[in-house]
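Using the hints, build the complex out of the two chains.
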Amino acid sequence: MNDFWIILTGSLVAISCALLGCFLILRRMALVGDAISHAVLPGIVLAFLFSGSRDSLTMVIGAGLLGLITTFLIEFFHKKAKLQSDAAIGVTFTWLFAIGVVLISLFAGKVDLDQDCVLYGEIAYTPLDMIILEGGYLLAPKAIVVMSCVLISILLVIYFFYKELLVTSFDPGYATALGFSTAFWHYLLMGMVSATTVASFESVGAILVVALLIVPPATAYLLTDNFKRMLLISSGVGVVASASGYYLAVWMDGSIAAAIATMCGLLFALAFVFSPTHGILKRKLVRAIN
Amino acid sequence: MNKNISAVSALEVHDLTVAFDRKPVLWNIDLEIPQGKLVGIIGPNGAGKSTLIKSVMGLLPLSSGYCKIFDEKIDDVRHRISYVPQRESVDWDFPVSVLDVVMMGRYGKLGLLKRPRKADLDVAMDCLRKVGMESFANRQIAQLSGGQQQRTFLARALAQQADIYFMDEPFAGVDAATEKAIINLLRTMTAANKTVIVVHHDLQSVSSYFDWVILLNTRLVANGPTTSTFTQDKLQETYGGKLTLLSDVGDLIRRENFPNREEKVL
Ligand SMILES: Nc1ncnc2c1ncn2[C@@H]1O[C@H](COP(=O)(O)OP(=O)(O)O)[C@@H](O)[C@H]1O
Ligand SMILES: [Mg+2]
Numbered sequence: 001m002n003d004f005w006i007i008l009t010g011s012l013v014a015i016s017c018a019l020l021g022c023f024l025i026l027r028r029m030a031l032v033g034d035a036i037s038h039a040v041l042p043g044i045v046l047a048f049l050f051s052g053s054r055d056s057l058t059m060v061i062g063a064g065l066l067g068l069i070t071t072f073l074i075e076f077f078h079k080k081a082k083l084q085s086d087a088a089i090g091v092t093f094t095w096l097f098a099i100g101v102v103l104i105s106l107f108a109g110k111v112d113l114d115q116d117c118v119l120y121g122e123i124a125y126t127p128l129d130m131i132i133l134e135g136g137y138l139l140a141p142k143a144i145v146v147m148s149c150v151l152i153s154i155l156l157v158i159y160f161f162y163k164e165l166l167v168t169s170f171d172p173g174y175a176t177a178l179g180f181s182t183a184f185w186h187y188l189l190m191g192m193v194s195a196t197t198v199a200s201f202e203s204v205g206a207i208l209v210v211a212l213l214i215v216p217p218a219t220a221y222l223l224t225d226n227f228k229r230m231l232l233i234s235s236g237v238g239v240v241a242s243a244s245g246y247y248l249a250v251w252m253d254g255s256i257a258a259a260i261a262t263m264c265g266l267l268f269a270l271a272f273v274f275s276p277t278h279g280i281l282k283r284k285l286v287r288a289i290n
Numbered sequence: 001m002n003k004n005i006s007a008v009s010a011l012e013v014h015d016l017t018v019a020f021d022r023k024p025v026l027w028n029i030d031l032e033i034p035q036g037k038l039v040g041i042i043g044p045n046g047a048g049k050s051t052l053i054k055s056v057m058g059l060l061p062l063s064s065g066y067c068k069i070f071d072e073k074i075d076d077v078r079h080r081i082s083y084v085p086q087r088e089s090v091d092w093d094f095p096v097s098v099l100d101v102v103m104m105g106r107y108g109k110l111g112l113l114k115r116p117r118k119a120d121l122d123v124a125m126d127c128l129r130k131v132g133m134e135s136f137a138n139r140q141i142a143q144l145s146g147g148q149q150q151r152t153f154l155a156r157a158l159a160q161q162a163d164i165y166f167m168d169e170p171f172a173g174v175d176a177a178t179e180k181a182i183i184n185l186l187r188t189m190t191a192a193n194k195t196v197i198v199v200h201h202d203l204q205s206v207s208s209y210f211d212w213v214i215l216l217n218t219r220l221v222a223n224g225p226t227t228s229t230f231t232q233d234k235l236q237e238t239y240g241g242k243l244t245l246l247s248d249v250g251d252l253i254r255r256e257n258f259p260n261r262e263e264k265v266l
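Residue numbers (the working numbering), protein chains in the order written: chain E, 1 to 290; chain C, 1 to 266.
The set of hints was computed from the structure by calculation and includes no laboratory data. Just to be clear, a hint being listed does not mean it is correct.
Unchecked claim - Keeping only pairs whose Cα atoms sit at most 30 Å apart, straight-line, the calculated BS3-like set for lysine-lysine is:
no., chain 1, residue 1, chain 2, residue 2
1, C, Lys-68, E, Lys-80
2, C, Lys-180, E, Lys-80
3, C, Lys-180, E, Lys-79
4, C, Lys-180, E, Lys-228
5, C, Lys-180, C, Lys-114
6, E, Lys-163, C, Lys-130
Isolated chain C, as found in the complex (with noise of 0.2 Å):
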């Protein structure tokens, strides 16, 4: 690839703020983030880290600042964008397959009055694959259980063969296992300079899956690589007083009075 081109941000957001019935969700946030790079959004509970991925999709009304995706405005470049929304905005009774839903990723590269074609089909089975989930693809939606639910989305993620993805708490009811593969296909991903952009809630694993964090908490708190940025005081201030002393993060967790962990449904 083009050196100048790798150049470009993946991802800059500048001056954001959202609200909601005048109150502020997200306040002035300010961050880039490079391409290649596996990085994870953390936060808690109702931090904005949804809102922010929806405002860089264009879902949201901003109340100022924008947001641009390789340098250019988002309604430009919106067949290099992939985005998993989280599990719970979909009806999952409605009478698709799952490979219905998979093939869903290929439309926006369709145009207006094509259907998807034999390559299509490819893609999207290849992609169902890649997730483990190709002995499911003529299943009904409605009899998935959550994790697959959640590989299914992002399968569908997967078909849109984008440079960048959105990812709304992919590993929500994802079992262990299935949790590391995913990490394992994303790094793959990462590695061919795609950027992946994953909101996350087990903050024990964060240093070891993501390159680069986003510490949110209607404020941006600290935007960099993990290494720098993922430490005890940035994270209490992000968590605030919820976060008792402690040196080790681990051993935070193992104590599970963490407030902002969420059961794990398997």
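One chain only, chain E, in its complex shape (with noise of 0.2 Å):
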């Protein structure tokens, strides 16, 4: 049964990064979701230390500012400052993260948090912290519960506004033109990357997390030309890789985020050889036809 609720844990974050990896690459912004599952950090610590919990609730507020704030920090300086949009990432995410492991040692005593579990997670521990029912009745672990939430909020947002994300991403100032709040579609978006990230950071791991977030949709995104399609692969790629990498883990006897990441590391490699649309074996073979 554990492997059952960690490949499931594993596989409902890897299709919540996934989905919105895709909007991610496409808009340029890959560096962004991994400044902000590194710097939604310092806002898990703070939430932990005012609710002294780690209630999932508070966290995915408290990193959810976070992820806000580091949005709108890299936009201000990129714009404002006129710093390249990668220094401005650099920065931005760099210095929240070593605020949130200075709170951390700050708070070494009071804080039940360590820095290998935020960067590594502990898949592997998800399936012990069940939720319980009134009658004593085993429902769930906690982690598949909120990443169930985490999930579905996504998809209802996809499924209900796939128009205004696509022409948003796609030519933001076609968008503005016809009315749309560029801005607002841009802060939902990593609005919903920090609360992912946070939901995630504690079965996977901030490092997995970004993996997850860029290799799979890279991955669809050499495998076809469709948008909608490239949601669903990317979702494919990420439940595989989620599955391969929890038994190579347990062959190998080592850490499950790194393994699932492994995964995806190569089944991206594939996808880059094999593609029928993309790949280098097809462009090779092309020229050697042609």
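Structure below.
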């Protein structure tokens, strides 16, 4: 049963990240996802200090706020201070992440959070943290409940606001001309990335979240020219990586999160070589034939 | 159409100044354009032509001044305005089809939570037909030539079924025959009292294409009907010393020493 819970948690995280990641990479904002996943750390610590618990809701709110602040700061440094966008990202998130690390060491005694856990996650422990209903009836691991809520919210937003997200991603200038608020959809997306990062950090850790945000969408991008299919394929890649990564970790007796990230990279490499549309093999073949 | 309503200016720009990093790119522009005209915006590279269009569309912060369309604030009449951005403004590797892009022209008319319907699809296909791209509807945009990309953008703008159209270099990379076909299409639109404002580069075709011209080089040099406005001395003023003194503009262009004429990519 533990296998099942762990793979299910991994898959829920992977699908959530894959869906958001598709928008991120097409908006050329993959690194913003990276930045947010690190910069939410002080938010997590502060939320923990204020509420005194690892209650997910407080943490999601604390980190969600930090995520929005990160996005805002990056825009601010880029637009107002005329810093290159990659430099603006670098400045913002390293600084916020460092504050998080400092806070953890300052309050080490009071905070039941350790940096390894934040960075690498502990997906293996997810089945231990079960939500137990009134009558002592076992329901499901907490991580599953939280991640299901996150995924459902993401699916609802993409389903109902598909056209807004699509047009503001493809052509923001035109979208503004049509009367869509590009800023609103930008911050909504960034808010969802922050919330997802936080909700998943306990299970998979900050580093794997980045891998799941970027690598499956990048793989799907190589495999299709259709955006809806890209959303589906990247989710599929995420799930396959989670399941195969779990068994790889069991076999190697190693870190599950690292194994999942490794599988993501492997799937990307396969797509890179064998993709029927963009793969290097196909390009070589075409050149050989011509 | 009600006489009173068509007497309202299509576009009114008042005291418009736009600056990037405090360096003014548009300076004190005042102009008014009547409805139903095919208008050319002419000026050298960096003259602020794109900036003028973007400012009118509300995409840039204005240092001073205001713009009105049909005597209303832009935000109140967005559903009547259509826009063709410069082709380079988007990523053509984005995984969408030609039809997906043209359908975006319908998005402004749909409310929140509304999906495009059959009627919207019909409009989109009709617009693709008008620009001769119907057989490309399901083609991925990454596989289009420059001219086809341009026509896709044009079809998207047409799908908005607006009353005023702003087009930023819609002929860049379009072949001569298509350009003629598009001009004819724009003519039928202006005949139906639509206003079409086009950033244009080929000075040789200005007189035959446009009823009205805006000559721009940071400042407004001239604004008025082509016959009285598109003159040698006004052009001289727009392009500055780069223009040698020759009475025939056509002559000048044939000699191909015109500094601001962009290469046509076919
Ligand atoms: N985002 C921007 N930031 C700074 N300068 C800009 C920006 N956009 C345009 N400019 C400058 O404004 C001037 C006018 O640009 P533009 O309106 O694109 O010219 P045109 O379309 O007439 O070729 C140019 O000198 C250009 O360098
Ligand atoms: Mg321009």
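Going down the list of hints, with the structure as the test:
1. The straight-line distance between the Cα atoms of Lys-68 (chain C) and Lys-80 (chain E) is roughly 28 Å, inside the 30 Å bound, and the hint therefore holds.
2. About 44 Å separates the Cα atoms of Lys-180 (chain C) and Lys-80 (chain E), which puts this hinted pair outside 30 Å; it is violated.
3. For the hint linking Lys-180 (chain C) to Lys-79 (chain E), the alpha-carbon distance of about 41 Å lies beyond 30 Å, and the restraint is violated.
4. Our distance criterion of 30 Å between C-alpha atoms is broken by Lys-180 (chain C) and Lys-228 (chain E), whose separation comes to about 37 Å.
5. Distance hint between Lys-180 (chain C) and Lys-114 (chain C) is unfulfilled; the C-alpha atoms sit about 37 Å from each other, more than 30 Å.
6. Simply put, Lys-163 (chain E) and Lys-130 (chain C) have alpha-carbon atoms about 24 Å apart, close enough for the 30 Å limit, and the pair holds.
Of the hints listed earlier, those the structure fails to meet are numbers 2, 3, 4, 5, in rising order.
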